[in-house]
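Engineer: Sequence:
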Amino acid sequence: MNQILVVDDDQELRTTLVEVLEQEGLQAVAARSADDALERLQLETFDLILLDLVMPGTDGMTAIPLIRRQAPRTRIIIMTAYASVQNAVQSLQQGADDYIVKPFKIDGLMLTVRLNLQKARFCEETEAVDLDKIFNGLANSLRRQTLQLLSRQGQMRFMDLVRALEIEDHTKVNFHLKTLREAGFIDQTSDKLYQLTTNGQRAATCLSYICKSLEASAQARPSIVP
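Residues in the sequence shown are numbered consecutively from 1, following UniProt numbering.
Hints were generated in silico from the structure; no laboratory data involved. Quick caveat: nothing in here was measured; it's all calculated off a predicted structure. Among the hints, a few may not be true.
Quick list of in silico lysine to aspartate or glutamate cross-link-like pairs, EDC-like style, CA-CA up to 16 Å [claimed, not checked]:
{"#": "1", "residue 1": "Lys105", "residue 2": "Glu19"}
{"#": "2", "residue 1": "Lys105", "residue 2": "Glu24"}
{"#": "3", "residue 1": "Lys102", "residue 2": "Asp10"}
{"#": "4", "residue 1": "Lys172", "residue 2": "Asp160"}
{"#": "5", "residue 1": "Lys102", "residue 2": "Asp9"}
{"#": "6", "residue 1": "Lys102", "residue 2": "Glu12"}
All chains, please: the whole structure from these sequences, using the hints.
Structural biologist: In structure tokens:
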């Protein structure tokens with residue numbers, strides 16, 4: 001389960017955000033200040049931090065590089081009621097990954113949160129596998145379909161794959177299966193069932209992320225108010 005830290009000096013907003021995230025199946029905890037968040041980061045690991053920009057004491061902008069030093073892989077989403085091109089650019093330059101403008105709708109918040117969690121997972125997966133192999137494996141639509149099929153079905157026989165892919169040329173399917181095997185993405189059981197390897201599962205995850213990102217990019221995002 002993804003662990004999220006909500007950092008905001010507004011107690012009511014902190015509580016609401018934690019409740020919303022938990023209702024969406026995510027695990028969330030809150031910190032009342034940037035200093036409190038930095039203390040928690042010494043003891044806990046978080047996948048994502050929702051960070052208010054304007055707070056007493058250490059503000060969000062100052063906290064970004066401090067958080068980044070302690071948690072280089074954690075995604076940071078800035079929450080701000082003072083949206084401007086300058087603030088957005090500065091927060092990204094400091095090391096934030098994204099931003100969301102207050103007041104925000106739950107749908108908009110969850111879209112931003114889930115997209116950033118997907119990006120975090122994508123980064124983890126690509127670090128563990130050869131990118132050249134991923135791109136080679138995903139370069140052909142038939143190979144992409146094969147990875148998606150095996151990701152959903154688990155194991156499949158050759159003829160089941162042929163029927164699912166709706167390809168009459170068995171030689172063509174054989175060629176692409178061989179390419180995927182050479183890339184280390186699939187193998188066969190003793191019963192001749194095709195299945196994804198660990199790297200194949202990672203490649204399928206990358207493919208899923210790319211598809212979801214393309215879908216998400218088509219949805220409207222809050223605009224920056226100059």
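Engineer: Straight-line Cα separation of lysine 105 and glutamate 24 no greater than 16 Å?
Structural biologist: holds (14 Å)
Engineer: Assess, step by step, whether the Cα of lysine 102 is no farther than 16 Å from the Cα of glutamate 12, and give holds or violated.
Structural biologist: holds (14 Å)
Engineer: Keeping to a limit of 16 Å between CA atoms, is the pair of lysine 105 and glutamate 19 held or broken?
Structural biologist: holds (14 Å)
Engineer: Tell me if the straight-line CA distance from lysine 102 to aspartate 10 falls inside 16 Å.
Structural biologist: holds (13 Å)
Engineer: Just to be careful, I want the Cα atoms of lysine 172 and aspartate 160 compared with a cutoff of 16 Å; is the pair within it?
Structural biologist: holds (15 Å)
Engineer: Is the Cα-Cα distance between lysine 102 and aspartate 9 16 Å or less?
Structural biologist: holds (14 Å)
Consistency note: the structure conflicts with none of the earlier hints.
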